[in-house]
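Please work from the sequences and hints to get the whole structure.
Residue numbers (this note's numbering), protein chains in the order written: chain V, 224 to 469; chain B, 3 to 346.
Calculated from the structure, these hints are not laboratory results. Please read all numbers here as calculations on a predicted model, not as lab measurements. Take the hints with a grain of salt, since some may be wrong.
To be verified - Cut-off 30 angstroms, straight-line C-alpha distance, at most; resulting in silico cross-link-like pairs (BS3-like, lysine-lysine): (1) B:Lys343 - V:Lys284; (2) B:Lys160 - V:Lys280; (3) V:Lys309 - B:Lys172; (4) V:Lys298 - B:Lys31; (5) V:Lys464 - B:Lys329; (6) V:Lys372 - B:Lys199; (7) V:Lys298 - B:Lys343; (8) V:Lys450 - B:Lys343; (9) V:Lys298 - B:Lys27; (10) B:Lys199 - V:Lys385; (11) V:Lys372 - V:Lys464; (12) B:Lys199 - V:Lys245; (13) B:Lys172 - V:Lys298; (14) V:Lys284 - B:Lys25.
Unchecked claim - Covered stretches of chain B (in silico footprint by chain V; criterion: 3 or more residues with CB under 8 angstroms from a CB of chain V, positions within the stretch not fixed): (15) 134–147; (16) 189–202; (17) 275–284; (18) 310–319.
Stated by the list, open to error - Sample of chain V residues lacking proximity to chain B, with all beta carbon distances greater than 10 angstroms (derived): (19) Glu246; (20) Arg256; (21) Thr268; (22) Ser276; (23) Leu292; (24) Gln294; (25) Ile322; (26) Val350; (27) Asp352; (28) Thr361; (29) Tyr416.
Cβ coordinates follow ideal geometry from the N, Cα and C atoms, glycine included.
The residues making up each chain are set out below.
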Amino acid sequence: MRLIIFIVAIYCSVSLQAQTAKEIVQKADEKLRGNTSQVELTITTVRPNWTRSMEVKAWMKGNDLSMILIQSPAKDRGIAFLKRKKEVWNWIPSLERNIKLPPSMMSQSWMGTDFTNDDLVKESSIVNDYDHSIIGDTMIDRRNCYIIKMIPKAEAVVVWGKLIVYIDKKDLIELHTRFYNEEGELINIMNAYDVKMMDNRLIPTRLEMIPMDKINHKTVMIYRSIKYNRPIEDGFFSAEKMRTIN
Amino acid sequence: MSFDKNLRNSISNNLLHHRLNVKWKPTSKLTTTGEFRTRLFWGEEVNSIPEFAMQLRNDNEKVNLQKAWIQNKSLVLHSNIERLNIEYRENNWNVCLGRQRINWGVTTTWNPNDIFNAFNFLDFDYEERPGVDGGKFQYMFNNSFNTQVVYVHTGNRKGNVAAVKYSLNKWQYDLQLITGWYKEHITLGAGWAGNIKDAGFKGEVQYFFRDNDSTSQFNLTLEGDYMFKNGWYISTGFLFNNNGLYQPISNWNNINLNLSPENIMPTRWNFMVTTAKEITPLLSANLSLLYSPGTNLIILLPSFKYNLASNLDVDIIWQSFFVELKKDFEAVNHRIFLRIKWSF
Chain V
224 MRLIIFIVAI YCSVSLQAQT AKEIVQKADE KLRGNTSQVE LTITTVRPNW
274 TRSMEVKAWM KGNDLSMILI QSPAKDRGIA FLKRKKEVWN WIPSLERNIK
324 LPPSMMSQSW MGTDFTNDDL VKESSIVNDY DHSIIGDTMI DRRNCYIIKM
374 IPKAEAVVVW GKLIVYIDKK DLIELHTRFY NEEGELINIM NAYDVKMMDN
424 RLIPTRLEMI PMDKINHKTV MIYRSIKYNR PIEDGFFSAE KMRTIN
Chain B
3 MSFDKNLRNS ISNNLLHHRL NVKWKPTSKL TTTGEFRTRL FWGEEVNSIP
53 EFAMQLRNDN EKVNLQKAWI QNKSLVLHSN IERLNIEYRE NNWNVCLGRQ
103 RINWGVTTTW NPNDIFNAFN FLDFDYEERP GVDGGKFQYM FNNSFNTQVV
153 YVHTGNRKGN VAAVKYSLNK WQYDLQLITG WYKEHITLGA GWAGNIKDAG
203 FKGEVQYFFR DNDSTSQFNL TLEGDYMFKN GWYISTGFLF NNNGLYQPIS
253 NWNNINLNLS PENIMPTRWN FMVTTAKEIT PLLSANLSLL YSPGTNLIIL
303 LPSFKYNLAS NLDVDIIWQS FFVELKKDFE AVNHRIFLRI KWSF
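See the structure below:
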């Protein structure tokens with residue numbers, strides 16, 4: 224009897240903890256995304272011998288709808304990406320064509336950066352496609368953080384094999400993320416800096432994605448402006464809008 | 003630069019290409035677009051082809067908006083207005099009048115559904131592709147279902163095209179149905195883009211009815227593509243053209259690369275494999291191989307693209323043609339292009 228109570232108690236605490244970890248990730252995710260968000264970003268790819276920057280505008284609504292528009296450099300201006308649920312399209316203005324991307328394209332580098340297509344259009348949901356557990360805590364930039372392990376669910380189509388995220392306990396800001404492949408090797412780390420008030424939310428405004436297997440490679444993403452929870456109709460996320468938005 | 007089969011007797015040709023694309027939005031609902039393309043040709047090809055400037059006109063444009071500023075034995079300066087249109091947009095409908103590109107294609111290499119203007123897939127330097135003079139009306143029933151009605155005047159009395167397209171997104175597929183009037187005959191078509199597991203699966207089919215005395219035209223293309231985890235991209239395509247050549251030919255000039263929406267390829271069965279790899283974010287390589295059984299036509303198309311600076315790209319494009327002529331399989335000619343492109 225005592226053993227049963229003990230097992231039940233462990234089970235409860237495990238499930239309680241699992242729920243909490245998921246809630247933390249969910250809250251941090253919601254904080255950065257809002258119900259809807261409109262973002263202006265500068266994305267810089269840094270390599271040992273060169274750097275390239277581009278300016279990007281993005282719209283997001285929930286987990287299912289997003290659109291990204293490239294505003295500079297001139298040669299890529301007007302290129303747009305649309306994601307609806309699990310489907311992704313790419314508008315190429317010079318060809319006046321809308322191309323539906325195969326799912327296998329999701330794990331690839333986005334526009335030559337260290338971000339994958341999946342990172343940008345968030346085909347997978349860090350809340351729903353993973354199982355979360357708290358594995359410890361630590362300090363980053365004098366902020367007390369949870370360390371949360373995220374393992375993709377068996378049925379989820381996910382690029383990564385495991386994620387370890389570090390989330391600030393007080394303000395629920397994701398400050399550091401470690402991306403592992405299916406073999407358990409550390410592939411990328413992401414650091415978040417410059418926590419600032421943007422549209423009445425405290426968020427990191429500079430994100431750096433650093434691939435582990437290459438020296439002096441990184442991609443820096445800087446938020447220039449962000450607007451949360453302004454209404455965006457579902458109809459905005461359409462092939463037609465992708466064509467005419469520029 | 004082009005060569006004969008033994009990589010000798012080269013003919014060189016130079017081209018300075020200028021594009022100016024302008025958009026003006028007087029109100030949020032109105033957009034006017036103008037795209038101007040000016041080319042300066044010089045070199046041996048200009049010299050050796052009679053009436054070189056005459057061949058630069060797109061023959062499906064009704065209104066003549068081109069001008070050859072200079073044309074002599076050594077130099078041709080030619081401009082064309084590729085797009086000139088005005089578009090009015092409401093929330094669920096829009097209408098566009100003028101010179102525009104009606105692009106109904108779904109697949110990458112061959113587009114049977116692109117019934118308003120065909121293009122030559124070897125002409126890599128004509129990315130925007132020819133426009134047509136006409137009107138387009140689009141109505142969106144909802145986010146995943148819309149229809150387009152298009153009328154195009156090609157200038158030939160019997161050359162007008164009018165068609166309706168229904169587009170639907172369902173079961174994670176983009177689907178389209180086309181019906182219309184193509185040069186005085188009925189045409190029907192369908193296209194789709196979706197995926198099988200993680201690979202893309204696209205296709206287009208188009209049928210052109212004819213009079214009793216000539217064979218109907220039927221084109222079908224299927225395409226699959228996949229991106230491997232290590233970054234190698236592979237695409238395979240197939241095209242069937244029921245009126246295409248399928249016997250060995252006696253003369254290379256029988257291969258007519260002046261293509262039309264009906265005659266997308268001169269050969270009946272065509273297989274194309276393309277593989278591409280981004281070597282670094284600045285340098286990418288691409289290799290395409292086309293094979294047409296029957297005629298035993300092979301086209302080999304390797305290319306490299308290098309981004310020198312943010313808005314400066316260099317391309318090297320190679321095209322080699324091989325075919326069976328009088329029972330001998332041989333190279334016919336080779337062409338190499340070097341392109342430097344500055345975007346501003």
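Comparing the hints with the structure gives:
1. Taking the CA atoms of Lys343 (chain B) and Lys284 (chain V), the gap is near 37 angstroms; set against the 30 angstroms cutoff, the hint is violated.
2. For the suggested pair Lys160 (chain B) and Lys280 (chain V), the alpha carbons sit about 46 angstroms apart, so the restraint of at most 30 angstroms is broken.
3. Distance check on the hinted pair: Lys309 (chain V) and Lys172 (chain B) sit about 12 angstroms apart at the alpha-carbon level, within 30 angstroms; holds.
4. Under the criterion of a C-alpha separation no larger than 30 angstroms, the hint pairing Lys298 (chain V) with Lys31 (chain B) is consistent with the structure, at around 26 angstroms.
5. Among the hinted pairs, Lys464 (chain V) with Lys329 (chain B) is inconsistent with the structure: their alpha-carbon atoms are about 54 angstroms apart, more than 30 angstroms.
6. Of the supplied pair hints, the one linking Lys372 (chain V) and Lys199 (chain B) holds, its CA atoms being roughly 28 angstroms apart against a limit of 30 angstroms.
7. Using a Cα cut-off of 30 angstroms, the hinted pair Lys298 (chain V) and Lys343 (chain B) holds, with the two alpha carbons roughly 9 angstroms apart.
8. About 37 angstroms separates the Cα atoms of Lys450 (chain V) and Lys343 (chain B), which puts this hinted pair outside 30 angstroms; it is violated.
9. Taking the CA atoms of Lys298 (chain V) and Lys27 (chain B), the gap is near 21 angstroms; set against the 30 angstroms cutoff, the hint holds.
10. The hinted pair formed by Lys199 (chain B) and Lys385 (chain V) meets the criterion: a straight-line CA distance of about 22 angstroms does not exceed 30 angstroms.
11. Straight-line distance between C-alpha atoms of Lys372 (chain V) and Lys464 (chain V) comes to about 38 angstroms, which puts the hinted pair past the 30 angstroms bound.
12. Simply put, Lys199 (chain B) and Lys245 (chain V) have alpha-carbon atoms about 29 angstroms apart, close enough for the 30 angstroms limit, and the pair holds.
13. Distance restraint check for Lys172 (chain B) and Lys298 (chain V): the Cα-Cα separation of roughly 33 angstroms exceeds the 30 angstroms cut-off, and the hinted pair is therefore not satisfied.
14. Between the alpha carbons of Lys284 (chain V) and Lys25 (chain B) the distance comes to roughly 29 angstroms, so the proposed pair stays at or under 30 angstroms and holds.
15. Check on the stretch 134–147 of chain B: 4 of its residues sit with their Cβ under 8 angstroms from a Cβ of chain V, so the three-residue criterion for coverage holds.
16. By the rule of at least three residues with a Cβ nearer than 8 angstroms to a Cβ of chain V, the coverage given for the stretch 189–202 of chain B holds, with 7 such residues.
17. For the stretch 275–284 of chain B, the stated coverage by chain V is satisfied: 4 residues place a CB nearer than 8 angstroms to a CB of that chain, which reaches the threshold of 3.
18. Restraint check on the stretch 310–319 of chain B versus chain V: 3 residues with Cβ-Cβ distances below 8 angstroms, three needed, restraint holds.
19. The claim that Glu246 (chain V) is not at the interface with chain B holds, since no C-beta of that chain comes within 10 angstroms of its own (minimum 31 angstroms).
20. With 10 angstroms as the threshold on Cβ separation, the claim that Arg256 (chain V) sits away from chain B holds: the shortest Cβ distance comes to roughly 21 angstroms.
21. Not every C-beta of chain B lies more than 10 angstroms from that of Thr268 (chain V), the closest at about 6 angstroms, which undercuts listing it as non-interface.
22. Residue-level check failed: Ser276 (chain V) sits 8 angstroms from the nearest beta carbon of chain B, not beyond 10 angstroms.
23. Separation of Leu292 (chain V) from chain B is adequate, the least Cβ-Cβ distance of about 15 angstroms exceeding the 10 angstroms criterion.
24. For Gln294 (chain V), the condition that its CB be more than 10 angstroms from all CB atoms of chain B holds, with the nearest at approximately 13 angstroms.
25. Not every CB of chain B lies more than 10 angstroms from the CB of Ile322 (chain V), the least distance being 8 angstroms, so the non-interface label is violated.
26. No beta-carbon of chain B comes within 10 angstroms of the beta-carbon of Val350 (chain V); the shortest separation is about 22 angstroms.
27. With a cut of 10 angstroms on Cβ distances, Asp352 (chain V) stays outside the contact zone with chain B, its closest approach being about 16 angstroms.
28. Interface exclusion of Thr361 (chain V) from chain B stands, the closest Cβ pair being 32 angstroms apart, more than 10 angstroms.
29. Listed as outside the interface, Tyr416 (chain V) is consistent with that label: its C-beta sits roughly 23 angstroms from the nearest C-beta of chain B, beyond the 10 angstroms cut-off.
In terms of the numbered hints stated before, the structure departs from hints 1, 2, 5, 8, 11, 13, 21, 22, 25, listed from lowest to highest.
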